[in-house]
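For the protein sequence lines, the chains are B and H, in the order given.
Sequential numbering of the first sequence, starting at 1183, is according to the numbering used here.
Sequential numbering of the second sequence, starting at 3, is according to the numbering used here.
Hints are computed from structural coordinates only; laboratory data are not their basis.
Nothing here was measured: the structure is a model prediction, and the numbers come from that model.
Keep in mind that a hint or two might mislead.
DSSO-like mimics (lysine-lysine), calculated; alpha carbons at most 30 Å apart, straight line [what the hints assert, rightly or not]: (1) K1446/B / K1284/B; (2) K197/H / K20/H; (3) K225/H / K1284/B; (4) K52/H / K1275/B; (5) K197/H / K1278/B; (6) K279/H / K1275/B; (7) K1278/B / K20/H; (8) K52/H / K1281/B; (9) K1274/B / K225/H; (10) K225/H / K1248/B; (11) K52/H / K1278/B; (12) K279/H / K369/H; (13) K1464/B / K1216/B; (14) K1438/B / K1464/B.
Partial selection, computed: residues in chain B whose CB lies under 7 Å from chain H [said to hold, decoys possible]: (15) S1242; (16) W1247; (17) N1254; (18) N1258; (19) S1272; (20) S1301; (21) T1352.
In this text, a Cβ means the ideal position worked out from N, Cα and C, and glycines have one as well.
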Amino acid sequence: MAKAVTLKELSKKELLFAPGHRLCAGCGAPIVVKMVLLASDYHLVAANATGCLEVSSCISDYTAWKIPWIHNAFENAAATLSGVETMYRSLKKQGKIDKEIKFIAFGGDGGTYDIGFQSLSGAMERGHDMLYICYDNGAYMNTGIQRSSATPFGADTTTRPAGSVVPGKTEQRKNLTKIMAAHNIPYVAQASPSHWADLVRKVRKALEITGPKFMNIVTPCNRGWRSRTDDAITLSRLAVDTCYWPLYEIENGVTKITFRPREKKPIADFLKTQGRFKHLFKPENEVLIGKIQESIDREWEKLQKEEACFAS
Amino acid sequence: MAKIVAVTGNEAVANALKQVNPDVCAAYPITPQTEMMQRFSSFVSDGKVKTEIILVESEHSSMSACVGACAAGGRVITATSSQGLALMYEILYIASGTRLPIVMPVVNRALSAPLNIHGDHSDSMGARDTGWIQLWSENAQEAYDNTIQAFRIAEHMDIRLPIMINMDGFIISHSIERMEYLDDDQVQNFVGEFKSLNPLLDLEHPVSYGPLILTDYYMEFRKAQDDVESKVPGVVLDVAKDFEKLSGRTYGLFETYRLDDAEIALIILNSAAGTSKDVVDEFRDKGIKAGLLKPRLYRPFPYKEIGEALKHLKAVCVLDRADAFGGSFGPVYMDIATSLYPYKERPVLINKIYGLGGRDYLPDHAKLVLNELVELVGNGTVKSYKEYIGVRE
């Protein structure tokens, strides 16, 4: 079990994701990446799917990455890292490497839920010793806010815009965290940058476990969410407090909710902060907000039951 | 001591890979390559190689994992055919653009649709502009020898490019032939230790692989890649020289057969070259000056050398086991035409498409073509510049 780390200790560690990257002001992704890298006490090697984080962090001949980093294509961060990790095992077995290295992949929701899903599923099933982190901002933000299978129901995107006939996305999000848990891998978790201690603890725990691990981290995008640039932490906190993004972990099949909001806020509190849901507040669409609330309530109930099932 | 064996092409190449003993192998089944990776997997299971194998969930992930493993800093192999190579297409460019010396035997097979599992060259021809080096092999012996030489070519410090070794699906991959194996030690000494270049796993010198390069430097990057291509033929010849010392077998950029004093010739890749050589002999026996050229290094294509070898001929037929749709002619024809264009005096060049989807190429086909060339030289009339042969009308 990894030792807990204090904020003071974290503040003294070297930032492995350097300033000067070209992500948007107020983007959640670099906050998540910094927290993840700070959490580790190990030598790290990272892979990155094509996306906002990748195009903004390594524009030749500059790089924001102070650790070895590889970008291959959009849909194959997991497969690429599985190759890196396998070479590491091979060279270690041959005595050509002696250091202990941990491997982390970063992908957005497009590169993880959609186009990279097969590659991720394959790498997890094969049991590679790696942590895959999805920074989920709920759409293809790099190409300009197109709908993904992680886009929440009702959200306005550029490929499923809210119009006079179509009220934004008409389908529910894919529950990727649960799908990854169904791979029966040793560790799966959801985290949020608003709850940094929880996020850091989860990364530290994941890195202690040998085998494939998956973490899904909610990552506000003010361009796509149509929100204020200084609201990334506030919005990710609201995502947690409304149970839109419950914080939990599934360790060796056992579900544990790691943060329970004292008072579960209505989903409208989360929706009204973002322009992508603006149309839902028109009188004719309000029924949709009820539908979203119902689905969140149902999922939250289910999660609590899953946890209770193991507690008893 | 060389060992004489009777093996299939797949078995021969699997044995070459075993003797090289790479660090990582990514494998995914596809007919007719499957047997090769199955055999290699047995070597892994029986501890005959040190290789760590990744049994990926697709060829796309196979090539992606190869890129990761090779960038990490070690010797990496995979193998594929047909649809598998097509699925890798995107990552083939990334492997070459990242200058990773991945070695990949390709057991050539037709592309769908319609679905067909038999041998033709459509798969590797579709990948001819991906920046990979391509070696082509007539038989199991050549496939084995090319595989061993491929590591030295790809990993050469002046080159560092991925390489595919082509052999005909079923005709070579599944037929048993007599051939010679080198000793394990000989192969090991020949390929040597893998020398890594900017390995990702070097923590003291952290590197970033796969940057974004826009209008400012992308073109310089591409030009540098083109410059490297020009160094490949020299390295291929140097490696062949060393290989000859070891094996007694001679390799060049291409093979010529009774070509020096020939007036007419066939240009043909891979297994069908063997059939054609027999027919060339028949024509020589009749006093007709026939010859043959079989490309070996197909990418980068040795335009100058091939042009020199062919310029004295009167008429040449390029036989393509793939068509380049919309390009009017088969892919090899277009390259040969380019090779000959600089010469004022050059042979008349015709193109035949043969053997698609595993359709048999028979001695009669070679006879038909050579007779047409004889006629063409006689009366100066070209019947047709491009034609499908061995096909129902």
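Results of checking the hints against the structure:
With a C-alpha separation of about 37 Å, the suggested pair K1446/B and K1284/B falls outside the 30 Å cut-off, and the hint is violated. This hinted pair checks out: K197/H and K20/H have alpha carbons roughly 19 Å apart, not beyond 30 Å. With a CA separation close to 36 Å, the supplied pair K225/H and K1284/B exceeds the 30 Å bound. Between the alpha carbons of K52/H and K1275/B the distance comes to roughly 9 Å, so the proposed pair stays at or under 30 Å and holds.
For the given pair, K197/H sits about 12 Å from K1278/B by alpha-carbon distance, which is consistent with the 30 Å threshold. A hinted pair counts as satisfied when its Cα atoms are at most 30 Å apart, and K279/H with K1275/B does not qualify at roughly 49 Å. Between K1278/B and K20/H, the direct Cα distance comes to roughly 20 Å. Compliance with the 30 Å bound is thereby established for this hinted pair. Of the supplied pair hints, the one linking K52/H and K1281/B holds, its CA atoms being roughly 20 Å apart against a limit of 30 Å.
Between the alpha carbons of K1274/B and K225/H the distance comes to roughly 37 Å, so the proposed pair goes past 30 Å and is violated. For a cut-off of 30 Å, the pair hint linking K225/H to K1248/B stands: about 29 Å separates their Cα positions. With a CA separation close to 13 Å, the supplied pair K52/H and K1278/B stays within the 30 Å bound. Between K279/H and K369/H the alpha-carbon distance is near 11 Å, which keeps this suggested pair within the 30 Å criterion.
Simply put, K1464/B and K1216/B have alpha-carbon atoms about 39 Å apart, too far for the 30 Å limit, and the pair is violated. Distance restraint check for K1438/B and K1464/B: the Cα-Cα separation of roughly 38 Å exceeds the 30 Å cut-off, and the hinted pair is therefore not satisfied. Against a cut-off of 7 Å between C-beta atoms, the interface hint on S1242/B holds, since the closest Cβ of chain H lies about 4 Å away. A distance limit of 7 Å between C-beta atoms decides the matter here; for W1247/B the minimum to chain H is near 5 Å, and the interface restraint holds.
The beta carbon of N1254/B comes within 5 Å of a beta carbon in chain H, closer than 7 Å, and the hint placing it at the interface holds. Of the supplied interface hints, the one on N1258/B holds, with its beta-carbon coming within about 4 Å of a beta-carbon of chain H, less than 7 Å. Because the closest C-beta pair between S1272/B and chain H is about 4 Å apart, less than 7 Å, the hint holds. Evaluation of the S1301/B hint against chain H yields a held restraint, the C-beta minimum of about 5 Å falling below 7 Å.
Hint status for T1352/B relative to chain H: violated, with the closest Cβ pair at about 30 Å, above 7 Å.
Against the hints set out earlier in the document, violations occur for numbers 1, 3, 6, 9, 13, 14 and 21.
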